[in-house]
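Between the sequences and the hints, there should be enough to build the whole structure, so can you do that?
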Amino acid sequence: MNYQLADVLEAPIISEKSTIAAEKDHRFVFKVKKQATKKQVKNAVEAMFSVEVDSVHVLNVKGKEKRFGKTLGQRSDWKKAYVKLKPGHDINFATP
128 MNYQLADVLE APIISEKSTI AAEKDHRFVF KVKKQATKKQ VKNAVEAMFS
178 VEVDSVHVLN VKGKEKRFGK TLGQRSDWKK AYVKLKPGHD INFATP
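Here the sequence shown is numbered in my numbering, starting from 128 and rising by one per residue.
Worth flagging that the hints you see were computed from the coordinates, not collected in a lab.
A virtual CB, placed ideally from N, CA and C, is assigned to each residue, including glycine.
Keep in mind that the hints are not guaranteed to be accurate.
To be verified - Across the chosen pairs, the derived CB separations fall in these ranges:
#1 G215 <-> T146: 14 to 24 Å
#2 S142 <-> D217: 34 to 44 Å
#3 A221 <-> L199: 36 to 46 Å
Stated by the list, open to error - Heads up, simulated SDA-like pairs for lysine to any residue below, C-alpha to C-alpha not over 25 Å straight-line:
#4 K144 <-> Y209
#5 K151 <-> M175
#6 K206 <-> A133
#7 K144 <-> V178
#8 K158 <-> K206
#9 K206 <-> E179
#10 K213 <-> Q131
#11 K169 <-> L186
#12 K161 <-> K193
In structure tokens form, the structure reads like this:
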């Protein structure tokens, strides 16, 4: 399947862990499509933020089991990507 670059990245993940990774070694975390490959993630980040990507690590996150009253439910599985930028490049999510 061929995805448009804008469709590959769903959202940045802003958490305490991802903020520390961004400050420490320029590693940013994104929620991506389940079918996205490392190459597609790299191309999408480079095109959308005008930066150079050093490496991409992807992992599948299993959905949690949640209880809704008496019934047991399951959240959807999803994929996230850790994108490391080359030195001298940065992404700032605070600016519009």
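message = I'd like to know which numbered hints this structure contradicts. Please list them from smallest to largest.
response = 2
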